[in-house]
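With chain A held as given, fit chain B onto it using these hints.
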Amino acid sequence: MSPRAWSATLILAVIGAFSLSVWLGSVDLTIRETLAAFTGRGDTSIRQIVVELRAPRAVLAILVGGGLALAGAVFQALLRNPLAEPYILGISGGAATGAVLALALGLAVSHSWALPIAAFVGALLAITLVLRVAAAADDRVDVRVLLLAGVVVGAFFTACLSFVLSISDARTVRSAILWMMGSLAGADWVTVMTVALYTLPATLVLIGLARPLNLMAIGEETAGYLGTNVERVKKVAYVVASLLTAAGVAATGIIGFVGLIVPHGVRLVVGADYRMLLPLSFLAGAVFLTLADVVARTMLSPIEVPIGVITALVGVPLFLLLLRRSMGSTSWW
Amino acid sequence: MDHRGIKAAKHCLFATLISACGPGGPDGGGVSVPLDGSGGAPNGQPVVVTDDAQRRHEFVSPPGRIVSLVPSATETLLAFGLGDHLVGRTEYDRTPELSSLSSVGGGLQPNLEILLALEPDLVIRFAGESDRATAERLTDLGVPHFAIQPDGIADVQSIIRRLGAITGAEAAANSLLAEIRSALADVQERVEGLPLRRVAYLLGGEPPWVAGPGTYIHELMILGGGTNVFDDLGQLYVPVSLEELIDRKPDLLLIAESGSAPPKLSSIPSVRLPGSIEVPGPGLGDAAREVARLIHPEAFP
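If you're matching them up, the sequences are chains A and B in order. The opening position of the first sequence corresponds to residue 1 in my numbering, with each subsequent residue numbered one higher. The opening position of the second sequence corresponds to residue 1001 in my numbering, with each subsequent residue numbered one higher.
The hints are simulated quantities; they were obtained by calculation from the structure and are not laboratory data. Treat the hints with care, since some could be wrong.
Restraint-style ranges between C-beta atoms, simulated for each label pair [to be verified]:
(1) B:S1267 x A:R132: 51 to 61 Å
(2) B:Q1054 x A:A8: 50 to 60 Å
(3) B:P1144 x A:R275: 49 to 59 Å
Facing chain B, from chain A, some residues (calculated, C-beta under 10 Å) [what the hints assert, rightly or not]:
(4) V27
(5) I31
(6) T44
(7) Q48
(8) E52
(9) R54
(10) S183
Reference listing, derived: stretches of chain B covered by chain A, where coverage requires no fewer than 3 residues with Cβ under 8 Å from a Cβ of chain A [as the list claims (entries may be wrong)]:
(11) 1097 to 1105
(12) 1112 to 1121
(13) 1137 to 1150
Here a beta-carbon is modelled for each residue, glycine too, at the ideal position from N, C-alpha and C.
One chain only, chain A, in its complex shape:
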């Protein structure tokens, strides 16, 4: 299939995943009832289920899944490391520490917006710290130092997190663990709008970096000779991809595997040209997380399975299959 055909297919798949997501759930609805709910007709409780519960959830899954996959692809390019994923540079640790502090100090009780804001601030703190360390020596960002700084800052925040948890009461620990497993259950339209406010501009900026990232894949020096402002690209890519991740984490907690597996899967199918890889990763991530959420909601209904479990259970075998099929035929980098 040509890249254009892939794009068209994936856009249709996003629409399909959204439709499935508003149609399927714990409560059985007919297609007619689902459509009626969107036009404001039909039973009130069905309308609330479709428009207030399922639709914002589906849109949030599209935004966060797409954002995580795109950020993962950018981090893999930036760090030139196949193990890179959106949380590798300490964002999850920073966000989780912020969230748990908000829970432990009881802020999350009095103000419902305190937890996402605290998570976002924690992520920003981690991002800033990592960048300051990586650019400390001179103004150039060495990606190896960036990676090392990210992992170390992440470890530090994880230690803070464990410390706060160890002196917290059982209720805080429970809420914190649930938050860290990630969930789309909190999706409402305000959350969706806030996340969209970050995700859409960040996505455009990152996709705009595709050409310089292509050049930098050959080598930073070569890219520099060819007219790329390498330092600027690295900083913009790092900061924007991190903000994108931070917005997602604040809204849904930590959802693993999407940012690691989806970009690799897309790379195995369409190759390493970032002009295709970045937008297709966004679309594939959106489809993947939306469908994973449908499974998470319906598999053991009425109980919801943590979505991170589904992304791993479904994503890993799918990825291994792709990996095996392409072995030998595609060079990795």
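Then chain B, alone, in the frame of chain A:
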């Protein structure tokens, strides 16, 4: 997260289940019912009741479609004979009487889709921070919700009184309360003057989680003529080292239904509690008697 964290979460999950959640006032909120005690509805006088999230509710008529997310409240409504007013249940409600109803999942983070589809005119939920999101979503969706916090003996009685007022079942509530009061008085009388026995309650886990003051089981131990060797804990449930446990020299270990006595402590007498005791609900009288009997078998010949 490492294994320890997840293990801890599992225990907490259980701890929350037993103790309900969130701080909430022990005062229990108030009820103001018209003096004629008619339950308000017939003469149009609304019943005004405060819930454990300190919110005021006005009931013009008793709700007819109730979903209780709190198992002890479910038991209370069943004890009132209002089973036909319940339109949903949680996974923790095992009563055969309710098995035909749709389950909304757990009592915390219930499945909102199913809950909405049941079209309840009252949802009874846990007060407190563990599930603030559900409360907010219910408010947004226009579903009335009443928060309760069945943490201690006084809370249980206050909840029975308020649920009775809301549902127009004052008579049933009053006779249940009278029954509980006489059971508690009987227990108190039997253990009075007996030497206090040192007791610890073990929820299970490794290291074991124990109950501190503020828990229902703590109050039952005190009432039953015991002292909680962990009455200085600042939190409801805490994991403690075996050393600490031995050092506190308990005479008796009460083991939760789901837990087990640590093999290294086999020198200390231990007894497993039936699960029904651990739910702070209408079974309070029986629970108090059972715990007291385990602590002072000599008082219950």
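Checked hints:
1. Between S1267 of chain B and R132 of chain A the Cβ separation comes to about 57 Å, which falls inside the hinted range of 51 to 61 Å.
2. The hinted range of 50 to 60 Å is satisfied by Q1054 of chain B and A8 of chain A, whose Cβ atoms lie roughly 55 Å apart.
3. The hinted range of 49 to 59 Å is satisfied by P1144 of chain B and R275 of chain A, whose Cβ atoms lie roughly 54 Å apart.
4. Taken as an interface hint, V27 of chain A checks out: its beta carbon lies about 4 Å from the nearest beta carbon of chain B, inside 10 Å.
5. Taking 10 Å as the C-beta contact cut-off toward chain B, the hint placing I31 of chain A at the interface is violated, the least distance being around 17 Å.
6. Here the hint on T44 of chain A is kept, as its CB sits about 8 Å from the closest CB of chain B, short of 10 Å.
7. A distance limit of 10 Å between C-beta atoms decides the matter here; for Q48 of chain A the minimum to chain B is near 5 Å, and the interface restraint holds.
8. Checking E52 of chain A against chain B by beta carbon gives a least distance of about 6 Å; that is within 10 Å, so the hint holds.
9. Taking 10 Å as the C-beta cut-off, the interface hint given for R54 of chain A holds, the closest approach to chain B being about 7 Å.
10. A cut of 10 Å between beta carbons decides the hint on S183 of chain A: the least distance to chain B is about 8 Å, and the hint holds.
11. With 4 residues having a beta carbon nearer than 8 Å to a beta carbon of chain A, the stretch 1097 to 1105 of chain B meets the requirement of three or more and the stated coverage holds.
12. Only residues whose beta carbon comes within less than 8 Å of a beta carbon in chain A count, and the stretch 1112 to 1121 of chain B has 6; three or more means the coverage holds.
13. For the stretch 1137 to 1150 of chain B, the proposed coverage by chain A is satisfied: 3 residues have a C-beta within less than 8 Å of a C-beta in that chain, meeting the threshold of three.
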